[in-house]
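Q: Protein sequences, first through last, are from chains A and B. For what it's worth, my numbering labels the leading residue of the first sequence as 1, then goes sequentially. For what it's worth, my numbering labels the leading residue of the second sequence as 1001, then goes sequentially.
It is possible that some hints are incorrect.
[Unchecked claim] Some chain A residues close to chain B (C-beta under 10 Å, calculated; not the full set):
1. Glu-43
2. Val-47
3. Gly-50
4. Leu-52
5. Lys-523
6. Ile-555
7. Glu-581
8. Gln-582
9. Asp-585
10. Asp-626
11. Ser-629
12. Gln-636
[Said to hold, decoys possible] Straight-line C-alpha distance at most 16 Å; calculated EDC-like pairs for lysine to aspartate or glutamate:
13. A:Lys-287 <-> A:Asp-320
14. A:Lys-490 <-> A:Glu-565
15. A:Lys-523 <-> B:Glu-1051
16. A:Lys-520 <-> B:Glu-1051
17. B:Lys-1141 <-> A:Glu-656
18. B:Lys-1141 <-> A:Asp-657
19. A:Lys-520 <-> A:Glu-147
20. A:Lys-572 <-> A:Glu-96
21. A:Lys-457 <-> A:Asp-489
22. A:Lys-520 <-> B:Glu-1050
23. A:Lys-275 <-> A:Glu-212
24. A:Lys-517 <-> A:Glu-251
25. A:Lys-546 <-> A:Glu-613
26. A:Lys-520 <-> B:Asp-1035
27. A:Lys-384 <-> A:Asp-366
28. A:Lys-520 <-> A:Asp-585
29. B:Lys-1157 <-> B:Asp-1170
30. A:Lys-523 <-> B:Glu-1050
31. A:Lys-615 <-> A:Glu-634
32. A:Lys-150 <-> A:Glu-300
33. A:Lys-150 <-> A:Asp-299
Keep in mind the hints are simulated off the structure, nothing from the lab. Beta carbons: idealized from backbone N, C-alpha and C, even for Gly.
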Amino acid sequence: MMKKSINILISLIMVAGLVSCNDGGNQKGKKGGQGGLATNAAERVYVAPGELDEFYAFMSGGFSGQLGVYGLPSGRLLKVLPVFSQNPENGWGYSEETKPMLNTSYGFVPWDDSHHPDISQTNGVLDGRWIFINGNNTPRIARIGLESFKTEEIIEIPNSAGNHSSSFITENTEYVVAGTRFSVPVPQTDMSIKDYKGNFKGALTFISVDQETGRMGIKFQLMMPGFNYDLSHPGRDKSHGWFFFTTYNTEEAHSLLEVNASQNDKDFIAAVNWKVIEDYVNNGGGKKVPANYAHNILDEHTHTATSTMLKEVLTVNPMDVPGAVYFLPTPKSPHGCDVDPTGEYIVGNGKLSADLTVHSFTKMLDAIENKKFDGEAYGIPILKFEDILAGVVKQPGLGPLHTEFDDKGNAYTTFFISSEVVKWKVGTWEVLDRQPVFYSVGHGMIPGGNSRKPFGKYFVALNKITKDRYLPTGPELTQSAQLFDITGDKMELLLDFPTIGEPHYAAAIPGDLVAPKSRKIYKLAENKHKYAVLQDSEVRVERDGKEVHVYMNMIRSHFNPDNIEGIKVGDKVFFHVTNHEQDFDVPHGFAVIGANNAELLVMPGATETLVWEPKQVGVWPIYCTDFCSALHQEMQGYVRVSPADSNIELSWSLGED
Amino acid sequence: MKKAGIIMIIGSLLLLGLFKFPLWNIMLGAPQYPDPLGMDIYIEGIQGVEEFDIQNIDGLNHYIGMKTIPKVEDMWEFEVFPTVIGIMVAIGVLIGLLGFFGKVSYKWFLGWFVLMSVLGIMGMYDFNLWLIDYGTDLDPKAIMKLLNPDGTPMTYKPPLLGYQKMLNFDVDSWPATGAYMMFVGMMLTVVAFFVGKKEYKAK
Chain A
1 MMKKSINILI SLIMVAGLVS CNDGGNQKGK KGGQGGLATN AAERVYVAPG ELDEFYAFMS
61 GGFSGQLGVY GLPSGRLLKV LPVFSQNPEN GWGYSEETKP MLNTSYGFVP WDDSHHPDIS
121 QTNGVLDGRW IFINGNNTPR IARIGLESFK TEEIIEIPNS AGNHSSSFIT ENTEYVVAGT
181 RFSVPVPQTD MSIKDYKGNF KGALTFISVD QETGRMGIKF QLMMPGFNYD LSHPGRDKSH
241 GWFFFTTYNT EEAHSLLEVN ASQNDKDFIA AVNWKVIEDY VNNGGGKKVP ANYAHNILDE
301 HTHTATSTML KEVLTVNPMD VPGAVYFLPT PKSPHGCDVD PTGEYIVGNG KLSADLTVHS
361 FTKMLDAIEN KKFDGEAYGI PILKFEDILA GVVKQPGLGP LHTEFDDKGN AYTTFFISSE
421 VVKWKVGTWE VLDRQPVFYS VGHGMIPGGN SRKPFGKYFV ALNKITKDRY LPTGPELTQS
481 AQLFDITGDK MELLLDFPTI GEPHYAAAIP GDLVAPKSRK IYKLAENKHK YAVLQDSEVR
541 VERDGKEVHV YMNMIRSHFN PDNIEGIKVG DKVFFHVTNH EQDFDVPHGF AVIGANNAEL
601 LVMPGATETL VWEPKQVGVW PIYCTDFCSA LHQEMQGYVR VSPADSNIEL SWSLGED
Chain B
1001 MKKAGIIMII GSLLLLGLFK FPLWNIMLGA PQYPDPLGMD IYIEGIQGVE EFDIQNIDGL
1061 NHYIGMKTIP KVEDMWEFEV FPTVIGIMVA IGVLIGLLGF FGKVSYKWFL GWFVLMSVLG
1121 IMGMYDFNLW LIDYGTDLDP KAIMKLLNPD GTPMTYKPPL LGYQKMLNFD VDSWPATGAY
1181 MMFVGMMLTV VAFFVGKKEY KAK
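Chain B on its own, in the form it takes in the complex (with noise of 0.2 Å):
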């Protein structure tokens, strides 16, 4: 199972990019903005994509109402994703030399994709509930505020994946370089699986 190993082995590393490299990003564009204001969220912190953006969308926000976005301190998360992303890279290493060394099965490789899928969906289960919160925990003092046609209160909850259309907004919100690397790592580790089962019947 050599080559099931490294192949596990660097799957697993290609999850250190998010210590690096944003998970995701979110850019606002508007017609007095035809550079998008944007931010690249990162397992360790929020950033503007520009020096000054993250100051001029809670600049904008604040007519509507919205909370600032927060700082490294103001969410648990910034300090738990970092550490389950770096245990899940040693558990992954771990499993991967120990498979290389025929020590575990390739079933072991299967496990921690399955266990790195779990964290992942909570992981995004759990930036949506910030988003909502972030877009619809209003100040009752906000300068505007604008009601749907239905005449609910609107609301501003980013879009988690794609595209939509905010007021004069036009936001946008993908996945970025991190996010990448870590679905190709993951990705190896399921090749890792295969590759791993392979030698296992040629053996």
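One chain only, chain A, in its complex shape (with noise of 0.2 Å):
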């Protein structure tokens, strides 16, 4: 009896182990490889309702110039936060308030295309103050505060022209690093292009950071070779005090650099020590040169933000500091350029070549002490690239674009070529995993993963091509990203998610290094603005020539004045309304016919203006956008425009029958 039981339950177990072998055989013919109900994937990537998040996962925004913010594992998109871009959803870029944060000395520039987030470390540990995005398009560095995950400040960085390799920190957030793409001529004039060649420069901003209000300023900007300065990345650990950046066209071609920038067997890695030429511009070093660029500040207290145009800057030639700049020669135009937790590997990710190279950062030193050296590019020493090699990962795959670490010595490379991620071993550039990702990643992320500390539970592919992945939606798709569980031996797919824009680069951190001080409200008591009514008793409407500044408060669930008589066709009109709630979420909106720019979307205790130019005789309604009570739909008013010539006195009121 018991034997004829031990046999049935021999053969049902046999049975299962066919069924689940089949189960696997189909699934790795399938695209995408694993079915989540065979893995427990949907399980791992379920935050139930009413549960969080472990990480935010701050995604940029690429062309839409914003920053989406992501929970990670959900992969649910919790906010699109505005930055360079304007947003009439919330009236970023539209409201007089907001309008100075996109000043630049081109003017007004309501757009851009947003790259590389990064978020401020301390002693190169991810510490949840401020996250810094560039500005690729117009040359910028933003920095978003994340009490209020609102953009605090922009920076313009002058004589650059494509900010791409940036906006990359040091290890305690001394600085933020913004190089240049595009060389230029500095300063810019009227020339040739054919004269590039030798004439054009590159120049590597590095811009300080207030510790305590994360104020940016410009200390130095390194002016490099005519090179394109592609990516970077600060030294780590031992290697803090230097900073990497990769270059492409050392050739410096100005013309169809597909094939002409292509053609040196090697291009450069720069090696910074920006300590040795912070202590030669505090000693004074550096040449002030005339410059123009815009310094936006949004204050907290005033709701209100203003543009300064700084008109110097102070350049350093890298010629004139000793040991400031080295030359690591590169396979290949390399993209990303990452250095590993310890600070000691530098990985070129020669996006033509068919190896990946890595440099040691001892054998770099030993190399400088050594003079080493393999001649020199504009002065410039170029190390021998044998000498400071520290391996080779082999044949991983075609077009590495960039490398990110877990916390267990392995990294992670994508391939855009070939469309997979790659996992080897740190020091034995043994090839572990390769999994296919779909399509064709630019960047990967792993929360922490460019930091002294990575968090290292999820990888997130960020790819470029999307094709059939989701429900066509005509030919424009969103890009999509791929989450993978890397806590086992083999990476493991989790969960495709559309994303905004394009994502560029991503930072992630995990969820209770950030969400505990998340800003619920302002303080009425603390609004410092020109225009705010703090009281009823402040409310007003006053005329000043063709401009009326309309003095407005709202609560559940009106707004005060709600009745506005007095107003002409031909006035400029400025809404100054205040959010009197104090309560967490609950945002007023405040929307009037036919504005020509956007609507307001205010937060409680803050003040925002909207400028009306009425142009037709009538009266006209305002209202609130943001569904914020039972009443919500009673939230609203009448503006009463009369004739340009009517002597109609001005007058408000709000409960009167």
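These two chains come separately, so use the hints to put the complex back together.
A: Spelled out as structure tokens, the structure:
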């Protein structure tokens, strides 16, 4: 009897084994590989209603110019954080308060192409104070405060064009660094493009960050030869004090770069000893040159931004600072330039190379000390490739773009052309695993993956091509991210999720480093806005020539005032609206018919201003656009607009019969 | 009666907790208030559990026409209660001291307890009257005028003690730290009475 049961049991197990083998076989054949049910992937990305994600992932908005905030592992979009582009949804870049944030030396620029977010660090570990991101097109760096999740500061970078090897921060957030992708004449001048070679310059900009306020200021610009500076990475731990920039087009071609900039067998990684340059400029070194660039700051108490044009910048010629800059030869137009958490290894992702080149920081120092140079470029010593090489990851894939690290000594490199992520061992250079991605990954991201302390639980592939991954939406698709579990020996694909714009790089941080200090409201008592009305008794409408200022407030569920008369065609009406709520998640909207700019979304305790230029006689409604309460629909009012020559006096009221 | 006197003094002094800690706490939770709004009722006034809770409770209450939560100057109780408690502490300590030196009988301890209990019940009665007034004296121009199933106008008196569902709110009304200290203090005065009685008989 017993024997029989055991036999049955064994055959049951065998059948089960067969079935699961078959399943596995089917899934491999399927695009995407792993079925959620077979691997419990669904369980691992499921964040049940009411529960919270483990990580915030900040993914650059790419050509949207904004910053997408997602939760991991769910992949849920939590917020689109406006940075460089106008956002009519909440009036960013349209309200009088925020318009100065988008001011530049080119005037008001309402958009940009945002690329590489990086979270502030202390001792090489994520601290969750701020996140920085670069505007690639009109060179700018933005700082976003992670209490309010609001862009608090934007600084323009002069002498730069295509602010791409940015915005990466040193391990105590001493500097946020911005390198130019396109070299340009400095100062700009009317000259023949054919005279590029030897005449154009590439500015690498070091922006100091005030540790209390986060305020940015350009400390110096290193004026490098006219190569293209693609990506960069700070040294960590033992290499703290150095910064590494990949270059391409060391050929200095100015036309048909896809061919002409791909001729040299090796381009360079520029190793910059910024501590030496810092000492040099602190002791009066460098040359102040005329410049014109905007520095825009949003004040948290006045809720108002100011834009200041700065007229001078300190430049440093690398030749003037011995020991400041060296070139590390790196095969074939390297893109990503990544330093492992120990700071020893500098990975050059030569995007046209079949191998991955890894330089050794220790060997680099040794080569510098023993002057093992292999010539120079524009007076900058070139180190000997063989002397600084730590190792080569052989034939890992095609088109390596970027490498990220976990906390167990593994590296993860993205391959655009062969559309895969490859895991390899730092030190042995052995390939451990490879997984296909759908399709053509750009950067990858591990939370804290470019710090001393990565949180090696997830890898996110930021794919460039989407094709058939979602229900089709015509020719224009979102981008697609893919989440891998990297806790095991093999990477395991858990989830696809769509992302806004085109995320280039991303940065993620454990929720508990940010969430507890997330702001709920602005205190009305701390509101120092020039046009705020903190008391109902201050509500009023004032005329100053053709300008009319409406000092208005709002609380569930009315505007005060809600009836205004005496406005005339041709007036410029400033609605200064203060939200009197002091309760979490009770913003009010403000919308007026025919507004040529946007609406406002005013947070509790804040004041914002919308300009309205009425063009037609009549009685026109205003209303709240955010469903604020059970009486949201009642939250409305009227503005009477009279002919330009009318002599109706200004009057305003609330609750009068 | 040394021991009994000391217990009496400690018991009376525990009432001083009412000057530092709330007597009562009312919490209002709702689907849209996962972090409930709350008010702490002190003998000297009402405060929000969080900085803006009172303002937000008033904001919600205006829909159903309730008066705003009284400020210190709006209610005589906030002046009288601290005075009464202060006097009762002083009397209790005095009786305790006199008992300690054998100048008064242990029966005074019970006398103090009875007086304090009467005052306490009067206080609760007054508190309940306020809750009734607050919950029923509604603005005739209230935005929402709701009716009970039997057709009578709905009122919103929060419970004196315990839990009650009121519209979308879960209301919890319970004694707070100050009340527990008062309760323990008053029990100690009863203990003092029995200890005193035992000490008296042992003599």
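Q: Going through the numbered hints above, which ones does this structure break? Give me the numbers in ascending order.
A: 1, 2, 4, 10, 12, 14, 23, 24 and 31
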